Amino acid sequence: MGFRMEALDRNLRRAEILLFGAVGILMIVSLYFVFKVVPSEVTMGVVQRIFYFHVPSAWVAFLGFFVVFLSSIVYLATRRLIWDTVAHAAAELGVLFCGIVLFTGPIWARPVWGTWWTWEARLTTTLVLEMVYVAYLVLRSQAENRDQAARLAAVVGIVGFLDVPIIYYSVQIWRGHHPIVFKSSGGQGLEPIMLKTFMLCMGTFTLFFLLLLALRVRLGILQDALAELKEHDSTAGA
Amino acid sequence: MGHSALLTVCAKDLRQELRTRESFTSAFFFSLLVQVVFSFAFDFQSIGLGFEDVGGGILWITLTFSSILSLQNSFLIEREKNCLAGLVLCPCDPSAVYLGKFLANSIFVLAVQALILPISTLLFGYDLLRVLPGLAMVVVVNAAGFSALGTLFAAISVRTRRSELLLPLLLLPAATPVVIWGVKATRLCLAGRDLGAYGYLVALSACFGAIFTVAGVLLFDYVMED
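Chains as they are written, first to last, in my numbering: chain A, 1 to 238; chain B, 1001 to 1226.
Calculated from the structure, these hints are not laboratory results.
One thing to keep in mind: the hints can contain errors.
[Claimed, not checked] Keeping only pairs whose Cα atoms sit at most 20 angstroms apart, straight-line, the calculated SDA-like set for lysine to any residue is:
(1) 1012(B) / 38(A)
(2) 1184(B) / 1194(B)
(3) 1081(B) / 165(A)
(4) 1184(B) / 172(A)
(5) 1184(B) / 174(A)
(6) 1184(B) / 8(A)
(7) 1012(B) / 83(A)
(8) 1012(B) / 118(A)
(9) 196(A) / 18(A)
(10) 1184(B) / 48(A)
(11) 1184(B) / 121(A)
(12) 1184(B) / 168(A)
(13) 196(A) / 42(A)
(14) 1184(B) / 42(A)
(15) 1184(B) / 1051(B)
(16) 1184(B) / 175(A)
(17) 1184(B) / 1163(B)
(18) 1184(B) / 1081(B)
(19) 1184(B) / 169(A)
(20) 1184(B) / 40(A)
(21) 1184(B) / 196(A)
(22) 1184(B) / 1065(B)
(23) 1184(B) / 144(A)
Keep in mind the model is a prediction, meaning the values are calculated, not measured.
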């Protein structure tokens, strides 16, 4: 590990401690709000509360894919492997949270829509996106070496993200719309306490994402350092 | 220079295919087989569906899977005898290689379709000539859009250990838009609607093709270096 990497490692550790404390407290507060403070929705009942986890997971998944896109561009421009480590970490988290979205969605949809799944625009887009980024991770695992994995994955990370709005638009043409939970004008919008709880959960999940990202990036740095040591060792032995 | 390099790469690929006919034969019979499997799987006549209902689906499943075969092959032939290195060392812009391959792949896919479409309509009892100009336009635009992204992804997957498995995994979800628009436009076209009903879908597919051709030109450099 070079000097800069060591400094980065130290900073990441500090960030992790801070984020861990913040997420630990906020997660408990969020759970308290979701299960104790906020009232059940009138028509959907108690199952509507899953929405406080479902939507923040979706937001965080998209944030992850956006981070993949940005760090892929920076990697191709600078060729510094740390950016590829960030992209890899963000892609894994994106796939994880996208999976949570695909898991919590049907739990909500079964009692409310009367079906586990429907081929509606947002659902279909989420499923397709999950597959795009699973393919991204498979590509990484099948590359011949670290540099090649970084280079090829960066191209897919950029192209895949450009594809996101196009896929959404195409599925929308194909099928109908998602229930609109928020309305910009007054009237049937969200109750103030529901909105507060929702925003709290969004904040908690965003910090949770950053914590996991920092941990995964540091793990990636350590993996690279270990691979370097092993290579050094094998050349020294021979 | 770039212009002639593009055509040289394209002509090289087509000449190679004309001499061996490896891809063409397998892609053609594979496409034919898909039609037969479809017929067995759904038995359209007994469930009372005509070609105008299911033709779009059959056509696009055939086209996407046979395109994947040929896209795969267009880079696998370069891997043999290390021709890929030769292409990289060519004194021309790497994007010319991408565009040449893209053009050759599109021509190849369309050549297969030009044979398969009449056979398909014959098998399912549909009058192709009635809708030919519209249908041809839909197939050309969407097949080109699919190849634009497919050529870039084929170049990526050929670099990895298990390229045969990776290409469909990468390409099929990412190419969702052209497949959706292609199926929808084909269905409207086969139902005898005029261009006004599906023209916007063709335009959207053309945009998709244009976006990923530009992306391919910009990013192909990074895929080819080694």
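Consistency of the hints with the structure:
no., hint, verdict
1, 1012(B) / 38(A), "68 angstroms, violated"
2, 1184(B) / 1194(B), "13 angstroms, holds"
3, 1081(B) / 165(A), "40 angstroms, violated"
4, 1184(B) / 172(A), "12 angstroms, holds"
5, 1184(B) / 174(A), "8 angstroms, holds"
6, 1184(B) / 8(A), "51 angstroms, violated"
7, 1012(B) / 83(A), "38 angstroms, violated"
8, 1012(B) / 118(A), "47 angstroms, violated"
9, 196(A) / 18(A), "24 angstroms, violated"
10, 1184(B) / 48(A), "35 angstroms, violated"
11, 1184(B) / 121(A), "15 angstroms, holds"
12, 1184(B) / 168(A), "16 angstroms, holds"
13, 196(A) / 42(A), "18 angstroms, holds"
14, 1184(B) / 42(A), "39 angstroms, violated"
15, 1184(B) / 1051(B), "14 angstroms, holds"
16, 1184(B) / 175(A), "11 angstroms, holds"
17, 1184(B) / 1163(B), "30 angstroms, violated"
18, 1184(B) / 1081(B), "42 angstroms, violated"
19, 1184(B) / 169(A), "14 angstroms, holds"
20, 1184(B) / 40(A), "41 angstroms, violated"
21, 1184(B) / 196(A), "42 angstroms, violated"
22, 1184(B) / 1065(B), "18 angstroms, holds"
23, 1184(B) / 144(A), "40 angstroms, violated"
Checked against the numbered hints above, the structure violates hints 1, 3, 6, 7, 8, 9, 10, 14, 17, 18, 20, 21 and 23; every other hint is satisfied.
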